[in-house]
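*Asks:* What follows is the residue order along each chain.
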Amino acid sequence: MSNKAMKININGQSFTVDADPNMPLLWALRDMLQLTGTKYGCGAGLCGACTIHVDGEPARACLTSLKQVADKAVTTIEGLEFEQLKQAWAQHNVPQCGFCQAGQLMSAAALLAKHPKPADAQIDEAMSGNICRCGTYTRIKSAIKATTGGYQASHSAAASMEVEA
Amino acid sequence: MSQFNAVKNFSRRDVLKLFGATGGGLALGASGLTWSPAVMAQSQESRLNLFIAIGDDDKVYLTCHRSEMGQGIRTGIPQVLADELGAAWEQVVVVQGLADKRYGSQNTDGSRSIRNGFDKMREMGAIARTMLEQAAANKWQVDVAEVSTDNGKVVHVSSGKQARFGDLAHAASQLPLPDVSTLTLKPAKDYTHIGASHRIVDMQDMLNGQAQYGHDITLDNMLHASIVHPPVVGSDIASLDDSAARKVAGVVDVIVMPVFKGAPLFQPLGGVAVIATNTWSAMQGRKALQITWKASVNDSHDSDSYLKSLVDKVSKPAKVVRQQGPEVSDWPSEQTISALYTAPYLAHAPMETPAATAHVTEQGCEVWASTQTPQRAQQVIAAALGLAEEQVTVHVTLLGGGFGRKSKPDYCAEAAMLSAQLKRPVKVCWTREDDIQNGYLHAISAQHYQAKFDAQGKPVAILQRTGFPSIGSTFQEGAEYPAGWELDLGFVDVPLAIDSLRCEAVSATAHTRIGWVRSVCNIQHGFGIGSFVDELAVKAGQSAPQMWKQLLGPLRQEQFKEQGFQYGNYGEDLARHPVDISRYHGVIDAVEQAMLAHGKPKANQGWGFAVHRSFAAFVATAILVEVDAGKVQVLQAISAIDAGTVVNPDRAKSQTEGAIMFGLSLAMMGEISFNQGKVQQSNFHDYPMLRMAQCPAIETIVIASNAAPGGVGEPGVPPVAASLTNAIFAASGQRIRTLPVNQHLKV
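For the protein sequence lines, the chains are U and R, in the order given. For the first sequence, counting from 1, position 24 maps to 24 in our numbering; every step adds exactly one. For the second sequence, counting from 1, position 183 maps to 183 in our numbering; every step adds exactly one.
So here's chain R without its partners, still in its complex pose (with noise of 0.2 Å):
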């Protein structure tokens, strides 16, 4: 019962201080603060706070609050406790949060989970360590700030007494909680674990076929649903004749869902769900339905000509959203270079399609989900059931990949609606066909850049146009432009050092629902950018990395002042993570220092090149193709991340191999077209992912720093497209400014 007087030690300006709330701050998302680091211990565990508890087993229970799709977040939240608690590895269990606010924010996208929390964990970790080392201080009645923990145990090093963690925890938490401004943190240079590039905690599962995702809850009466989704977003069914599904074998009822009304937000779509037994009755009984569908205001939408209207709009003066300098108005043919770009709708498709295991009954709603996002599940399932948000649980489970699809609970939701009416346990699991026609796709899109050259060569005004349906239109019916955070990811916050830069926008209509794939509007500004930076570096005989040495300009960190617009920057503030051009040198460097070690590229091969800052991460790719009889084979590719502060330095590596993976994926490959308001492609066949034979060899540099930890999820995507784009130029002059690849050359 100590718990309540720890509480009452700690108070709210000190939780505020935590989550950085104080003097105007963000609150991490939480509306309402509700967060305390202190919660009821357990029987068998003393818990210090809302990250930390310690078994009498010696354990230690780190909470990871943040979902694992890959990233190795349940590994690395866990290293950043531990190691300002001074706890062995080997001690160390990882647990998984479920969806409770008193985390802050576990929306696990937008590359900020250590970014948001690297701080806050190292926090939690030394109020805890200060706890035991008291603890300690008390029992051998010695000056606490000789007692220290290392490895495992709390130590006197003059008296050479020591003790387990287990062993003192219980009088730990019965102390109260230091205040947080007398906690010291440790200097960089005594990290034990941060640094460290620990197997990830998940590794044996994983090998024995143990790991648990979304597909694999398995509830005691338990059916399986499978949703026929409206093909044209927003259509109803207009007839339905379920007689022979209801006759396959083990099919127990057709449920037919709402369609949902305005904006799509995370609302299911709707559809007609087949309920089973086992998924694959549930899968026969949908081949088996009729459905005829009414027609929907999206009925009409052609990806084709729909892009064409957006080669339109953007070669055409639009909506000026930045403006560096005075407007140029003059444009000389002879001194002016332009080019457009376009890119398709992209799908996320991640190996594990979208899956939630739902469990309704009188006291609420137990979910079981791969999701990204378990709050707003938590949300979503209470506004569609009518409960509280406190009636709803939610346990994460792995996700079989996320790439921002599961930042989505539509599917969630849809679970929790068929339990509530079937009154039983409901697994939803999208097929890959789902997944693939009905998902939140990447926006198509198209860029125009044009840029002036004075007489000695050098570009001195650029004027660039983007055009794409924005994500705002998901959760506002008719949002037709891109919203500003949109604009912020790679097309208004290129530190340009030019006379003249102009940035417009113009107008999209969204006839599909929009969202955001790894890296989200940075994949097609990246591509823009860094292929025109390649354009105007062959156009003045220059390398890639020297042509955008001379754009960045001198060694700085922009401010973007008094120009029209406020960067947002990822949600940091721009001293903690600055626009640093001293960083891009960095990661120039190290990339063309390791192109170079390559040597000469041999006949009908060439290097691509491109930078990208995002995420608060600065990331420079080249890529080797060799580009013969019409074939491109991609040969090697090197990026170089500069993330700042490194957690694990093998999974940063491994983050940045699988964004270049994800990035010549759909750069070679990646298209999902619209015709008569429906997606084309439906599995791997049309809608291909990169595979092992494809699959260059690769280098990957992580730049040691000490600087605030950055992005490392999304950073390395964005400079992939246009560094493959510009090495298929370097090798055979063909410069390909319309992706997928695969429309031109064969991959």
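Just chain U, same shape as in the assembly (with noise of 0.2 Å):
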């Protein structure tokens, strides 16, 4: 398929990419937009390392393409605004190489948004899809459940600013 000149909304701000439609949104933001938080694990919704938010939602970027997101807010870990999940995270010591992590904090959050006091069950159901080859989920879980307060999380594609890319 041919480029698109195409609006997309990210953490707040307006950014126009001129490229396939179906382009999944992590290459964009990766290639295109210099968000690298959002990291490439498997290509392929096995690992969640990619984990951004799509109107509050919990989404794989590697198979979310360009189209779907057009009239959506999408939150990636660079817009993540929830200090209490990072200082949580902190506390724990829980990154070892780091590299999943960006999709581990968007899954709590997004997890916490809809459940502020998550039990085990829930917690494990809603970050099962993300891979730590590290191996932190005993401190994921330890800091998901000491994080106060619940996440709000962004639901609105009203731009803020607009950016070319």
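There may be inaccurate statements among the hints.
To be verified - Derived pair list, reagent style SDA-like, types lysine to any residue, alpha-carbon separation capped at 20 Å:
| # | chain 1 | residue 1 | chain 2 | residue 2 |
| --- | --- | --- | --- | --- |
| 1 | R | K153 | R | N138 |
| 2 | U | K145 | R | I698 |
| 3 | R | K549 | R | Q680 |
| 4 | R | K247 | U | D18 |
| 5 | U | K117 | U | A153 |
| 6 | R | K746 | U | K145 |
| 7 | R | K287 | U | L63 |
| 8 | R | K59 | R | A163 |
| 9 | U | K145 | R | R102 |
| 10 | R | K287 | U | S128 |
| 11 | U | K72 | U | Q13 |
Said to hold, decoys possible - Quick list of simulated restraints, FRET-style, between CB atoms:
| # | chain 1 | residue 1 | chain 2 | residue 2 | range |
| --- | --- | --- | --- | --- | --- |
| 12 | R | R164 | U | A121 | 34 to 42 Å |
| 13 | R | D57 | U | G149 | 33 to 41 Å |
| 14 | R | D57 | U | S14 | 38 to 46 Å |
| 15 | U | E125 | R | G599 | 37 to 45 Å |
| 16 | U | S14 | R | N221 | 52 to 60 Å |
Derived by calculation from the structure, the hints in this document are not laboratory data. All C-beta atoms in this analysis are idealised placements derived from N, C-alpha and C, irrespective of residue type, glycine included.
Dock chain one against chain two, each of which comes alone in its own frame, and use the hints as you go.
*Replies:* Quick look at the structure:
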């Protein structure tokens, strides 16, 4: 398919990207917008390293095409405003290599937006799409449980800034 | 310019002493030792030695010359430097070292960064501290013996004078470097940063998506490459039609990469690179390639039949690699038990696939790579491009996991070769499929163990045989026997105090690139001996910890003298890093106590236990499982690690937690198989990793010790697989001798 100029809303900013509408958002974020916090791990929705929020819902950026997010609000790790969660992560010294952690944080934030005090089974269910090869799961679970204050996911696609890419 | 004087005052003998290179010791892998602790000062900072510079702003710039892949080395090395220096942690800024021989070896594998670097980093800290103290003494006109550093200040206690490091650093940098023999190092009781669980220095960047990994490098005018590697190692392109690929929007070029000749080494595999303006276009382009492949000598490789042949070989007498006591030829069946264990090929599968970005210009090559071995990357690139090593600059990014894969810089050479051809910066990121199908695999293996009991049921003889394609085959064509150092990894070095112990190894031809994966041959050997000792315990009606203590015998430091082999001990002196039976007991007792605190297992539950020494550290692991309706659930894991002096206890704990997960992943689900020379798995759906819902509760115990620091990253892995299968036996009576567990039970 040929390229097309599309407006996408990311972290409250409106970007115009000139790309194939079938391109997964992951590659537009990483290669065209230099938002490299969202990671490639498998390209097949199996590992969760590329987890983002689309209208507040967790999604895998490697399986989400540009045309699917045309009128949606996308939040990436760079736009995740949830200090209590990040503090809990730091206090539990969660990351090892850190590569999967953006995806882990995005999944955890989406969980806490729905369930501010999740049970173990809810945590397992919400987080089991995210692989951590270093094996930080027990600390992730502890950090999620220690996070006080729910998360208000962004649902607004209203552009506050126009950026060409 | 005074730094040149400083260099003169610092003798070559001192340099050698710092790196333990006197008296025939190891030169830390640096061929032609060019390391020097003194380099030119820069404009805004005063450099006191190769690892330490102090800014006018009072910041302390500490160089980490090893690669960060989750083990916490970018925090650990600065902790050791800062401790002797007397710096406040808040002052510390960590600088990542480029590939540079002056650092000595930068090869970040073998769990040896702290083990090898601890004393040297302390000396670097002490050199810089001594110079700051001397500068203060000169300024204050007092005896230097009365001056010390404390929490980021230089102080003269009796007069109450104190000064910032930043105010003295320039004067200090003019002073001669002190003779190493005059340095006084702190006693352990005065450590301030060593032994403190400082938060990892990259935390904020990791939480905000700003941390820079190999995948994240972006250069102006950069192109993205995705490479189709040969499906069978060694096969070359027979025909290529790239016309459709070239029509994909964003595709710039299609380049054929040469297939390596001879032993694999760290040479690129060859294949076809699709070059595009973005990763997705490159991936779409490669899907549109039409490639047929020539025959390869490895076309017939089938892992099932290969494993059968290994099993046959280890069931027959083979090459003796260690004989302790007299050989036993009489094995009456009523007094003998034997068992055969197998483990499959494994891929590293770090979350970040191999990635490197190169920019080749007329001056040379600059590379940004997710590499465990920047100097080797430099060498491989220089050889591939016909450059001098000094023309290749290697920047080390954060590594999104390594586990040994990123010790092999084939992908760095790929980026450099493509950039040289395209005359633009090129980033190579392997796809997950590339990573799983074209890596340097942990070897498939089979092991035979047999033991003879006396009339009282006590084991008196053990015969063990191991068979696996050697890592040596990656470096030398036709290498068919395990290298001595591979057998040292948990096979010949288990200090069994038994009348007769015979160790044999069989030959095995490699049909793929064999590499080292976290804990290397300890994976299969830890599984073998850890399982067999449990089988002996069951036979004798003892607990596994009891049987281990019986087999390990009297408290001693095992020397392995006169047994037909020279124990390598991970490159360490046995006096400094002894095979100490009391330290085995320490971790065994710690885990046994923790296990007992959990109470008796419920119905369908059982504990398993194993202990293993590797990388100069001792780890015991106990695992509690429940087996019900053909499914195993891992409920609890306990590991105790004695790694001697530990720089950052929290990171030692997190590495040990991670090692449990790594061990569980491989034991429960890890299997790479070959059919017609091709890897059958491709992504996380068929090469799965442990997920949160499968993850047990974990307890880790770090044994307090002032012994020389041992390894931390790898030693936690080897006892896990056996502990798991032993637990499954305890819970269900089912003895699993062939990994992975999911061939037998749902996981």
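*Asks:* Determine for every hint whether it applies to the structure shown.
*Replies:* Quick rundown of the hints versus the structure:
For the hint pairing K153 of chain R with N138 of chain R, the CA-to-CA distance comes to about 16 Å; that is within 20 Å, so the pair holds. Taking the CA atoms of K145 of chain U and I698 of chain R, the gap is near 16 Å; set against the 20 Å cutoff, the hint holds. Taking the CA atoms of K549 of chain R and Q680 of chain R, the gap is near 42 Å; set against the 20 Å cutoff, the hint is violated. Between K247 of chain R and D18 of chain U the alpha-carbon distance is near 18 Å, which keeps this suggested pair within the 20 Å criterion.
Between K117 of chain U and A153 of chain U the CA atoms are separated by roughly 16 Å; this keeps the pair inside 20 Å, and the hint holds. With a C-alpha separation of about 29 Å, the suggested pair K746 of chain R and K145 of chain U falls outside the 20 Å cut-off, and the hint is violated. Distance hint between K287 of chain R and L63 of chain U is fulfilled; the C-alpha atoms sit about 17 Å from each other, no more than 20 Å. Only pairs whose Cα atoms come within 20 Å are accepted, and K59 of chain R paired with A163 of chain R is accepted, the gap being roughly 14 Å.
This hinted pair does not check out: K145 of chain U and R102 of chain R have alpha carbons roughly 47 Å apart, beyond 20 Å. With a C-alpha separation of about 30 Å, the suggested pair K287 of chain R and S128 of chain U falls outside the 20 Å cut-off, and the hint is violated. Taking the CA atoms of K72 of chain U and Q13 of chain U, the gap is near 12 Å; set against the 20 Å cutoff, the hint holds. Between R164 of chain R and A121 of chain U the Cβ separation comes to about 54 Å, which falls outside the hinted range of 34 to 42 Å.
Hint check: D57 of chain R to G149 of chain U, Cβ distance near 36 Å, so the stated range 33 to 41 Å holds. About 39 Å separates the C-beta atoms of D57 of chain R and S14 of chain U, a value consistent with the hinted range of 38 to 46 Å. Our hint of 37 to 45 Å for E125 of chain U and G599 of chain R is violated, since their Cβ atoms are close to 29 Å apart. Distance hint check: the CB atoms of S14 of chain U and N221 of chain R are about 26 Å apart, inconsistent with the given range 52 to 60 Å.
Going down the numbered hints, you'll see the structure goes against 3, 6, 9, 10, 12, 15, 16, while the others check out.
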